[in-house]
Amino acid sequence: MENLLITILLTSIPILLAGLGELVTEKSGVLNLGVEGMMLCGAVAALGSVLIFGNPYIGILFGAVAGILISTVFSFFTITLMTNQVATGLGLTIFATALTGLIGEPFVGKTAASLPKLEIIFLSDIPYLGKILFSNDILVYFAIFLIFFIHFGFQNTKIGIIIRAVGDNHDSAHSIGYSVKLVRWISTSFGGMCAGMGGAYIPLALTPHWSEGMTAGKGWIALALVVFASWMPIRLLIGALIFGGITILQFVAQARGWDVPSQFLNMLPYLTTILALALISFKLRNNNYAPACLGKHFLGNK
Amino acid sequence: MTNNLDAMTFIEVKNLSKTFDQFLANDSISINIKKGEIHALLGENGAGKSTLVKCLYGVVKPTDGQILINGNHVIINNPREARSYGIGMVFQHFSLFPALTVSENILISLDKKIKKKHLEDKISITAKQWGLPIEPTKKVLDLSVGEQQRVEIIRCLLQNPKLLIMDEPTSVLSPQEINQLFKVLIKLANSGCSILYISHKLNEIKQIASKVTILRSGKVISSTSTSEISTTSMAEKMIGKKVKEITKISKNSYLNSSTAISINNLNRKKLSQFGTELKKISFNVKYGEILGIAGVAGNGQVELMNALSGETLGDPDEIIFEDKKIGNTNIKFRRSLGLEFVPEERNGHATVPDITLTENTFLTFHNTYSKNNNFLNEILLSSNMSSNDTISIINENDVRCPYSNPLADQLSGGNLQKFIVGRSLKANPKVLIISQPTWGVDIGAASEIRSKLLLLAKAGKAIILISQDLDEIYEISNNICVINNGSLSTPKITSKISAKDIGILMGLS
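Protein sequence lines correspond, in order, to chains C and L.
For the first sequence, the working numbering begins at 226 and goes up steadily by one.
For the second sequence, the working numbering begins at 43 and goes up steadily by one.
In isolation and in its complexed conformation, chain C is listed as follows (with noise of 0.2 Å):
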């Protein structure tokens, strides 16, 4: 049981980080549809820093460079030519799925070194939450610090207020003297940044070698998630918990023997995507957490 809560948790731990930094970039009033291509490159940058440097830390920070890097190409498209958020996001998510391809090439077949577990003294003692939630690798303190670290600076700081009033009303933001494609160049970078290390954590404590395309959809998910969250850290906890869980799963009923086809629990945790974000939307019809400026233009003064 322990073991299975730990796995969850684990699994759960690149949706969580990738729809953080998304629901900081969404906040913004960016909607940055290529976290799935962001991701594939943090893990492929990841994995091959690893494989060169043999260090599983030089892994986060080349994941989390490699992040803000391919974020920056769609800051620079979206914010600064204001070409289509949408179709610019899918397309970075096509191309990056093609170049990790190419780039991961020479690594398939090789394995990396995971990520140490830090056992934090005297909690880990305690008995069965110890385990679960105090000897775990860097990643997952971080992802949780992350969680408060947002929550708290949206409500309390001024730049935090600063990024939810250019997602709500960016001509305002203009008019009092912010720079309104400053503040989404910055947080559409963090974005990346997260969904960078989200990626990285894939080959760094999950599966420790290159497949291609192996975020298989984290990406959307964590999308996703960050509308089921209504733009909510930690509601993102709750739901990146839930689609962990629901991945598990399939390992579980496969380890138990349960007669249902495997394609039908490999389809579930795409099949709850949907589901959630049709009740969501259902609820939400007249009463509407998205950020006001959500995937609009800002043309500032001419």
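Treat the hints with caution; some may be incorrect.
Result set (BS3-like, lysine-lysine): computed pairs, CA atoms no more than 27 Å apart in a straight line [stated by the list, open to error]:
#1 C/LYS406 - L/LYS56
#2 L/LYS103 - C/LYS521
#3 C/LYS383 - L/LYS180
#4 L/LYS158 - C/LYS406
#5 C/LYS383 - L/LYS170
#6 L/LYS312 - C/LYS521
#7 L/LYS248 - L/LYS56
#8 L/LYS158 - C/LYS383
#9 L/LYS367 - L/LYS472
#10 L/LYS157 - C/LYS383
#11 C/LYS383 - L/LYS164
#12 C/LYS383 - L/LYS181
#13 L/LYS154 - C/LYS406
#14 C/LYS383 - L/LYS204
#15 L/LYS159 - C/LYS383
#16 L/LYS103 - L/LYS158
#17 C/LYS406 - L/LYS103
#18 L/LYS181 - C/LYS521
#19 L/LYS180 - L/LYS159
#20 L/LYS154 - C/LYS383
#21 C/LYS406 - L/LYS181
Incomplete in silico selection of chain L near chain C, CB under 10 Å [stated by the list, open to error]:
#22 SER137
#23 PHE139
#24 PRO140
#25 ASN147
#26 ILE150
Just so you know, the hints here were simulated from the structure itself, not pulled from any lab data.
The model shown is predicted, which means the values in this text are computed figures rather than measured ones.
No residue lacks a Cβ here, since even glycine has one placed at the ideal position from N, Cα and C.
Fit chain L to the supplied structure of chain C, relying on the hints for placement.
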């Protein structure tokens, strides 16, 4: 050079010009504002008022000219720098963030560092001090328009402004709220803060300002003290010609006519989080009558317009036209019965902005074009028919186009509105339902539109006029009712309802 006169001056603008592409929005403007003075800036839409104040607040950069504050040359690159010189601004279309709380809205516009809790206390104190009650933890989207303006004012006051710029502050307020605002402004001026007050309401300027500068086509036409100029000559200077005495069309008396349209217990849910729910709306309009629906923006006008036009549907007997129950029928059907609608939004709702006027006419009338034609003839003839109709709408309504058959958004607001109203009249409606017909339209065009409406009523047609402009409502309606928070008051005869009564019905004391 400093003498006593200069010491009294807070800000001086010398020969300021601003061009957008080829267009000269401000042409060598000079203006001088003393400390503690309420200085009015008067001009029609497009006269360059907004451009001038945006230059002062650093939102746009002047092309040429100088700005002196306390006798020193300054260059204002952005709003932050403007604030550091003590300039605050309350925008006409508020620069607030609906999803944020009052204190968060204020926090991000302050340049000093301050804790949110501490700021909330400070807001409450300032609010009490100036008589501008506000709840700092409320979200802005839950506030009335008047309250939102208070947030903007408090936001400026917290920075101890030396000059407060107010862009048409009373256009969204009820009569009572206007009085309250004037008290605050006078108190503020007495404390030494200068106020630059932008308006095109002449009486208001007479009432509150000590000096007035009149702009026309980007130039200063006159700058004098308000005691030396009459409202009539202000108006003449503003529009550049003798105010033509409009042959007063009297209101139509319609007493013996039958009921055209009746609304019975109409309810609608709100469309969005920012919307208003319509609650049990009932009224009748007779042929020949103009019913004015007054109210502060955002009290259900949009929802009511949508319900009347058929953009949102309900039970059949909520709307009865003559004897037909049409509450559940769509726009097209209602128009085929003889109802016409002019929605509030000119660009994008009443017209498609980026297609030509002829094409817009075609979209409106293609049903009637196809009635007597077979499919092929419709294709062949309709472009001719729509272009003939467009030309006659343009000629009959004095729509001034920059070139022949322009895109809809190439027309100025007033001309586009004349086109839209003219197009509705062309359909020869039995009932015209029109929302904010003269909002943002210059005086000349506005009075033409109003006389068209009066003539239509004289011809025995029914009109429902939804407007925020009380003067307009008084000028042309036979009966007045007030929409407040989605409920409608009982219509009263215009002569028997005072502005004060209307203010009370607006739910504001």
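Verification of the hints:
no., hint, verdict
1, C/LYS406 - L/LYS56, "33 Å, violated"
2, L/LYS103 - C/LYS521, "25 Å, holds"
3, C/LYS383 - L/LYS180, "18 Å, holds"
4, L/LYS158 - C/LYS406, "26 Å, holds"
5, C/LYS383 - L/LYS170, "25 Å, holds"
6, L/LYS312 - C/LYS521, "24 Å, holds"
7, L/LYS248 - L/LYS56, "26 Å, holds"
8, L/LYS158 - C/LYS383, "9 Å, holds"
9, L/LYS367 - L/LYS472, "16 Å, holds"
10, L/LYS157 - C/LYS383, "9 Å, holds"
11, C/LYS383 - L/LYS164, "17 Å, holds"
12, C/LYS383 - L/LYS181, "17 Å, holds"
13, L/LYS154 - C/LYS406, "23 Å, holds"
14, C/LYS383 - L/LYS204, "26 Å, holds"
15, L/LYS159 - C/LYS383, "13 Å, holds"
16, L/LYS103 - L/LYS158, "33 Å, violated"
17, C/LYS406 - L/LYS103, "19 Å, holds"
18, L/LYS181 - C/LYS521, "23 Å, holds"
19, L/LYS180 - L/LYS159, "14 Å, holds"
20, L/LYS154 - C/LYS383, "11 Å, holds"
21, C/LYS406 - L/LYS181, "25 Å, holds"
22, SER137, "4 Å, holds"
23, PHE139, "4 Å, holds"
24, PRO140, "6 Å, holds"
25, ASN147, "8 Å, holds"
26, ILE150, "5 Å, holds"
Hints 1, 16 from the list above are not met by this structure, while the remaining hints are.
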